[in-house]
Structure formats: C-alpha cells, structure tokens
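Visitor: Sequence:
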Amino acid sequence: MSAETSVPRPRESGLDISDSALFKGLMSEAPYAFAFFDTTGRFVRVNSTFTELTGIAVDRHIDRLPADILSADLATVIDSALRRINDDRLPVTDQRLRTRAENGDARHWTISFFPLHDDEGAAIGTSLFGVDVTERQTTEEDLRRSEERYRSLVESQQQLVWITSPSGAVVEDAPQWRAITGQGLEEYLAHGWLDAVHPDDRPAAEEAWREALRGRTMFEWSYRVRTRASGYRDFEVRAVPIIRHGRVVEWVGANSDVTAQREAEEMRGRLTDQLGAAALRTARLQGATAILAEALTVEQVVQVIIDVGRTALAADHSAVALLDPDRGTLKVINSGAIPDAGGAPGEDISLSRSSVMTMAVNSRRPVFAESPESLRAQLTDAGGETDQINGFLAHTQERAWVGLPLLAAGRALGALRFSFTRPQKISQEDGVFLEALAGQCALAVERATLFEREHRTAETLQRSLLPERLPVVRGLVLAQRFRSGSRHVQVGGDWYDAFVLQDGRVAAVVGDVMGKGVKAAAGMGRIRNAMRALALTNPPPAAVLTGLDRVFEATEEEEQVTTLAYMVVEPTTGEGTLALAGHPPPLLVSPQGTAILQESDQPGTPLGWATSRKQFRFAVPPGHTAVLYSDGLVENRKRGLDAGLRELSAVVAEAPEEILTSPHMLLDFLVDRMLSGYEQDDDVTVLAVHVPAATKSD
Numbered sequence: 001m002s003a004e005t006s007v008p009r010p011r012e013s014g015l016d017i018s019d020s021a022l023f024k025g026l027m028s029e030a031p032y033a034f035a036f037f038d039t040t041g042r043f044v045r046v047n048s049t050f051t052e053l054t055g056i057a058v059d060r061h062i063d064r065l066p067a068d069i070l071s072a073d074l075a076t077v078i079d080s081a082l083r084r085i086n087d088d089r090l091p092v093t094d095q096r097l098r099t100r101a102e103n104g105d106a107r108h109w110t111i112s113f114f115p116l117h118d119d120e121g122a123a124i125g126t127s128l129f130g131v132d133v134t135e136r137q138t139t140e141e142d143l144r145r146s147e148e149r150y151r152s153l154v155e156s157q158q159q160l161v162w163i164t165s166p167s168g169a170v171v172e173d174a175p176q177w178r179a180i181t182g183q184g185l186e187e188y189l190a191h192g193w194l195d196a197v198h199p200d201d202r203p204a205a206e207e208a209w210r211e212a213l214r215g216r217t218m219f220e221w222s223y224r225v226r227t228r229a230s231g232y233r234d235f236e237v238r239a240v241p242i243i244r245h246g247r248v249v250e251w252v253g254a255n256s257d258v259t260a261q262r263e264a265e266e267m268r269g270r271l272t273d274q275l276g277a278a279a280l281r282t283a284r285l286q287g288a289t290a291i292l293a294e295a296l297t298v299e300q301v302v303q304v305i306i307d308v309g310r311t312a313l314a315a316d317h318s319a320v321a322l323l324d325p326d327r328g329t330l331k332v333i334n335s336g337a338i339p340d341a342g343g344a345p346g347e348d349i350s351l352s353r354s355s356v357m358t359m360a361v362n363s364r365r366p367v368f369a370e371s372p373e374s375l376r377a378q379l380t381d382a383g384g385e386t387d388q389i390n391g392f393l394a395h396t397q398e399r400a401w402v403g404l405p406l407l408a409a410g411r412a413l414g415a416l417r418f419s420f421t422r423p424q425k426i427s428q429e430d431g432v433f434l435e436a437l438a439g440q441c442a443l444a445v446e447r448a449t450l451f452e453r454e455h456r457t458a459e460t461l462q463r464s465l466l467p468e469r470l471p472v473v474r475g476l477v478l479a480q481r482f483r484s485g486s487r488h489v490q491v492g493g494d495w496y497d498a499f500v501l502q503d504g505r506v507a508a509v510v511g512d513v514m515g516k517g518v519k520a521a522a523g524m525g526r527i528r529n530a531m532r533a534l535a536l537t538n539p540p541p542a543a544v545l546t547g548l549d550r551v552f553e554a555t556e557e558e559e560q561v562t563t564l565a566y567m568v569v570e571p572t573t574g575e576g577t578l579a580l581a582g583h584p585p586p587l588l589v590s591p592q593g594t595a596i597l598q599e600s601d602q603p604g605t606p607l608g609w610a611t612s613r614k615q616f617r618f619a620v621p622p623g624h625t626a627v628l629y630s631d632g633l634v635e636n637r638k639r640g641l642d643a644g645l646r647e648l649s650a651v652v653a654e655a656p657e658e659i660l661t662s663p664h665m666l667l668d669f670l671v672d673r674m675l676s677g678y679e680q681d682d683d684v685t686v687l688a689v690h691v692p693a694a695t696k697s698d
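To convert, note that position 440 of the sequence shown is 440 in full-length UniProt numbering; the numbers rise steadily by one, no gaps.
Worth double-checking, as some hints may not be accurate.
As the list claims (entries may be wrong) - The calculated EDC-like cross-link candidates involving lysine to aspartate or glutamate, where the alpha carbons are at most 16 Å apart (straight line), are: (1) Lys519 with Glu557; (2) Lys614 with Glu599; (3) Lys425 with Asp348; (4) Lys519 with Glu556; (5) Lys614 with Asp549; (6) Lys638 with Asp682; (7) Lys331 with Asp316; (8) Lys425 with Asp316.
What the hints assert, rightly or not - Here are the computed distance ranges between Cβ atoms for each label pair: (9) Ala522 with Glu370: 53 to 61 Å; (10) Asn362 with Gln300: 26 to 34 Å; (11) Arg42 with Ala522: 46 to 54 Å.
I should point out that these hints are in silico values taken from the structure, not numbers from a laboratory.
For every residue, glycine included, the Cβ atom is placed at its ideal position computed from N, Cα and C.
Please construct the entire structure, taking both the sequences and the accompanying hints into account.
Guide: Structure (structure tokens):
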C-alpha cells in the first residue's frame with residue numbers, strides 16, 4: 001500500500017465502536033471514506049465521506065448488503081474483497097475505482113479492506129478505508145499526455161534525440177540513434193555517440209563538444225556517422241543544456257540526417273561545373289525539380305515536363321510515354337503528341353518499331369538526332385523500315401529530335417520525346433542537362449505512379465467498407481456525405497450506416513475508429529458488422545452499446561479508441577432514442593434554422609470502457625433534421641472541438657430556407673462551410689435523418 005493512501009490498521013483492543021465518542025468523531029471528521037461490515041457482509045457503519053463514493057445517504061447503508069444498494073461495479077469490488085478476506089484473512093489493498101460525482105465529473109478512489117478481530121482472534125467484521133485520488137490521477141494523466149505529445153513531436157520531426165548527463169556522459173538509451181548506427185546498448189552507454197563519428201570528423205567534433213560543455217553553450221556541429229551498413233551518412237546536431245537553479249542538470253541533443261541535402265548540393269555543384277555556359281538551364285532544372293517534387297499525379301508530372309521542354313529547351317513538341325512491359329508498348333500520355341513514323345497505331349508505340357522513344361527505352365541511353373539525316377541513319381540502324389522512315393520524314397515539319405529514357409534503378413519506366421522544327425545542335429552541356437532532367441522526371445513519374453496506385457487502393461478499400469446506398473423509407477429521408485482525408489494514402493476509420501429494423505424503425509449510426517491505416521479500417525469493419533448484428537437482435541441503443549463493449553474487449557487492442565453515436569427513429573413521427581459512446585452530440589436543425597446540440601448529462605465513454613450504458617429520448621419532429629457527424633467536420637489543427645461546435649450552430653443559422661428543408665443540400669452546405677479556409681486533415685462523415693413535414697394529402 002502506497003504512502004499517500006495507507007491508513008493505520010485498527011488496533012484489536014476490544015473497543016466497542018458503536019458507543020465510542022472517539023470513534024464517532026473520527027467517523028465524522030476524517031477526510032477518508034470509512035465503512036464497517038459485519039461477518040455477513042452487511043454495512044454496520046459508514047461516514048459521510050463514504051457517501052461521496054456511493055452517492056447514497058448514510059442511513060440507507062445500515063444492515064444492507066452492498067449488492068442491494070450500490071452500483072454493480074462498486075458492489076462487485078466490495079463483495080470480491082470481502083470474500084477474499086473471509087477466505088485468506090489477509091488485507092486487500094489499493095483497489096482502484098472510478099465514480100461520477102453529482103455534477104458528472106469523474107472521481108478516482110483507492111480503497112483498502114482490513115479484517116477486524118476481537119481479543120480472542122475471532123473475526124468480527126471488515127473495515128474499508130477509501131481515499132479520493134482524483135487530483136493525483138488527473139496530474140498523472142496530464143503528465144502522460146504531455147509525454148505523448150512530446151514523443152509525437154520528436155517522431156514527426158524525424159530527428160534522433162539523445163540525452164546526456166551534465167558532464168556529457170551518456171546515461172539514457174537512444175533507440176533511434178542505435179537503429180541507425182547499429183550500436184548495441186552497452187556499447188552506446190559505454191562510448192556514446194562520438195564512437196560512431198567518422199575518424200576524420202571526430203577530433204573537431206569532440207573538441208567543439210567539450211567546449212560547449214565547459215561554456216554551457218549551445219552545441220551545433222555537422223559530421224559523418226557510421227551506419228549499420230558500414231557506410232557513412234551526414235548528420236547535423238544541435239544540443240542545449242537544461243539549466244535549473246543555475247546548474248546544468250542534463251543535455252538534450254537532436255541529430256538530423258542531411259545526407260540527401262548534401263548529395264543534392266553536390267549534384268547541383270557538379271551540374272553547375274559541367275554546364276558552364278548553360279547556367280540558365282541549370283537554374284531552370286532546379287526549378288523543374290522543385291515543381292516535380294510537388295507533383296502528385298502522372299498528369300501533373302507530364303504537364304511539368306511539357307512546360308520545361310518549351311521553356312528550357314525551346315522545343316516545339318513534347319511527348320511523354322510510359323512503358324507497359326506486359327504488352328511491350330509505350331503509351332503516350334499527353335494528347336496531341338505526334339507519332340514518330342507514319343501509320344503509328346493511335347498513341348501506342350510498339351517496342352518492336354523503331355522510333356526515337358523506343359530506341360531510348362531499348363538502349364537505356366539518350367537519342368540525339370540533330371537533323372533528318374541523322375534520324376534516318378539511326379532509325380535504319382535500329383531496324384526500321386525504309387518506306388516508313390522516308391514517309392515520316394517527308395510529311396513532318398520536325399527537323400531535330402531528342403529521346404530520353406526514364407530510368408529508375410536501371411529499370412525503364414518510359415521515355416521523353418522533344419522535337420524542333422529547325423536543326424538543333426546538341427552540345428555536351430545540353431546532353432548533361434537533358435540526362436539530369438530525365439533523371440528527375442523518372443523519379444517524379446515513379447513517385448506519381450506509386451501515389452496514384454496506392455491512393456486508388458486506399459480509396460477503394462475505405463469506400464468498400466461503407467454501405468453502397470442508404471435505405472429508402474416512407475416518412476423518412478436519409479442523406480450522407482463522406483469526404484476522405486486520405487490525401488497521404490492513409491485509410492481512415494470513419495464510418496456510417498443506416499438500416500431498417502424488424503419493427504420498421506430505422507437505425508442510424510456514425511462512428512470513428514481513431515488512427516489511420518488499414519488497421520483502423522479493419523477495426524471499423526469489425527465494429528460496424530457487430531453493431532448491425534446486435535441492432536437487428538436487440539435494437540435499443542443502450543443494449544447495442546453494451547454488446548459492443550463486450551465485442552470491443554474481445555477483439556480490439558486496449559489502446560484503441562472508438563466512438564459512435566447511435567439512434568433509432570420511428571418514420572413519420574420522428575420519435576426515437578439515442579446513445580452516445582464518447583462521440584460528439586447530434587445536431588437537431590429546425591425548418592427555421594435553429595440548431596440545437598443534443599448533449600446528454602451522460603455522454604458516455606468510448607467503446608470498451610467499463611460503464612453502464614444509457615440511452616435517452618431523441619425526437620426529430622416533422623420538418624426537422626438530425627445530423628450525426630464525425631469530429632473531422634468540427635475539429636482540425638487550427639480549430640478546437642468546442643469552437644467547432646459553436647461554429648457549426650452558427651453555420652446552420654446562416655443557411656437559406658430552401659436548404660434547411662433538403663437534407664442533401666443541408667449536408668453539402670454544412671461540409672462546404674465548415675471546411676472552408678481549413679486544410680482537411682481527417683475524414684469527414686455526416687449522416688442526416690430528416691422527417692418531412694406533414695402535408696394535407698398526408
């Protein structure tokens with residue numbers, strides 16, 4: 001038992017606790033929760049602090065069993081402890097409980113049980129001592145969240161963080177650093193980070209580090225680090241002293257891998273030296289590289305290549321073709337590209353035909369034809385048919401050609417084709433520039449192709465887990481909007497569903513499985529399917545959430561957080577019930593534009609938390625619309641949840657009358673206005689349940 005919560009064990013003095021004035025004073029004044037049970041487990045005495053734990057008056061406890069008056073969770077803990085004491089005759093200490101105060105705030109308690117004996121050693125009952133540790137629990141949770149934020153920040157910066165003692169000695173493990181360097185834990189703790197620095201760089205780095213230690217100043221340096229693969233990578237380091245009360249208590253440093261930047265700088269330097277007079281083109285190449293780095297799709301990459309060909313090369317025509325290895329053809333991507341020879345089948349070029357692009361792909365080398373005669377000779381040497389070559393040259397206005405293979409790790413992805421309507425001298429500098437441009441374009445094409453494929457896969461997987469259509473129910477109009485946040489090829493865990501129950505009522509739900517990736521989507525699929533099965537068997541929201549808690553505990557990981565809002569509504573009348581599991585409250589929109597958040601005194605906890613599930617009446621009067629939504633609609637990096645909820649209500653008030661009566665138009669209006677001015681960083685899921693206003697024909 002910890003020092004904060006321990007209570008001295010009562011002395012076995014034979015004191016008659018029912019008549020002792022001392023005991024009565026202790027019971028009434030002590031800040032601890034006291035309770036005494038007889039040998040049958042019934043309450044004998046409790047003090048007022050104990051009633052804060054149970055929420056029941058003192059006199060209602062006396063001569064009652066815990067199971068008769070207490071909540072199931074609390075009664076279970078007490079009964080279990082009493083049984084253990086009866087069996088083992090040993091104290092049961094440090095039992096943790098979470099209760100809710102009358103104002104709804106969560107309170108945390110630590111309770112302990114001790115057996116009581118008379119002078120002969122016979123058992124006469126059990127005492128309970130409880131301490132309210134809410135403040136300590138809150139402090140611990142705040143500290144844990146702070147540590148999680150710090151850890152996430154460090155990981156997001158992709159830096160290797162390390163800590164040393166005031167003297168510079170390594171005292172704490174740095175797993176990220178060891179994963180890069182291959183150092184063992186003992187080696188790292190014994191010799192530290194300097195042991196992995198390149199021998200040529202170590203003396204200067206070590207001296208600078210010692211100087212920083214002596215002067216208690218920031219340490220900034222760069223050096224090469226030996227990696228697990230025995231190669232070296234360039235790192236920049238920055239370390240600062242942590243000073244408290246005028247003394248250094250530790251040093252915190254962060255290493256950044258700048259190898260890519262250094263290599264890029266070296267490449268730019270080599271290109272500058274080689275191009276010489278072509279400095280302007282080098283600048284354009286750098287600009288094209290930056291633009292290509294931002295291009296996400298193949299279409300965007302192709303457009304950048306065409307622009308570069310027109311501006312940097314003054315080319316009259318540009319074409320980009322991607323290789324289809326299965327068919328052995330090049331597929332020309334940009335429309336309007338001119339075939340290399342007459343009679344080319346559309347925009348597909350067979351690799352068996354001789355052309356500027358097929359020669360570049362087949363040879364894995366650039367093709368430079370400075371005149372029609374040069375092109376004729378090269379096409380003939382490549383096995384081209386004389387009639388086709390002559391026919392093409394006779395009809396084309398092109399007089400010079402460049403073909404560049406798009407290569408990634410030696411593998412051909414396609415080819416670039418630039419042509420000119422005048423003879424063009426291709427200098428050595430021009431060749432270097434064009435090869436560098438082709439290398440950058442190949443990387444951009446490979447990245448864009450992978451992005452498009454994975455993005456399509458992500459979108460397909462995410463949408464396959466959602467219902468294809470909403471049910472059509474007389475007396476009810478359902479609408480949904482789902483806007484994926486999978487910009488970075490990450491599947492989210494948002495979901496919605498609506499279906500008709502056996503009694504004709506309609507169930508509607510919006511849920512959110514926290515996290516990203518296939519794991520979140522799989523969890524979403526399990527919970528959604530389980531919810532359908534439970535709802536069709538026993539539809540009341542409280543019963544469904546209780547069943548989901550059991551499913552969640554059996555199938556999901558402990559750290560997984562899943563929330564949802566689930567309602568059952570009667571068509572035409574709009575009468576229904578609602579239950580929340582840690583989810584934002586639904587919004588009820590009137591035909592006049594009044595928006596009411598249907599917040600409950602008991603909003604519930606995420607699935608899997610030990611709680612007694614509650615449901616409450618939630619009516620959607622004729623003409624009104626209930627809107628269920630995920631937190632992506634109201635919360636983002638720049639807008640907190642509370643501010644988002646206020647803004648959502650304000651947006652409804654600005655909606656025109658014709659939008660308020662159309663759930664589809666209303667959802668479009670809400671999504672567009674709530675996301676306007678913000679970068680979408682999460683899925684947005686919205687489900688509307690609209691009860692049409694009654695008409696005379698009705």
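Visitor: Hint by hint, note whether the structure agrees.
Guide: Hint check results:
1. Lys519 with Glu557: 11 Å, holds
2. Lys614 with Glu599: It holds: about 13 Å lies between the C-alpha atoms, which stays within 16 Å.
3. Lys425 with Asp348: 29 Å, violated
4. Lys519 with Glu556: 10 Å, holds
5. Lys614 with Asp549: The given pair, whose Cα atoms are some 13 Å apart, holds under the 16 Å limit.
6. Lys638 with Asp682: 13 Å, holds
7. Lys331 with Asp316: 20 Å, violated
8. Lys425 with Asp316: Judged against 16 Å, a Cα distance of about 15 Å means the pair holds.
9. Ala522 with Glu370: 53 to 61 Å: 58 Å, holds
10. Asn362 with Gln300: 26 to 34 Å: Once the Cβ atoms are compared, 28 Å apart, the range 26 to 34 Å for Gln300 and Asn362 holds.
11. Arg42 with Ala522: 46 to 54 Å: Given a distance of about 49 Å, which is inside 46 to 54 Å, the answer is holds.
This entry does not satisfy hints 3, 7, going by the numbered hints stated previously.
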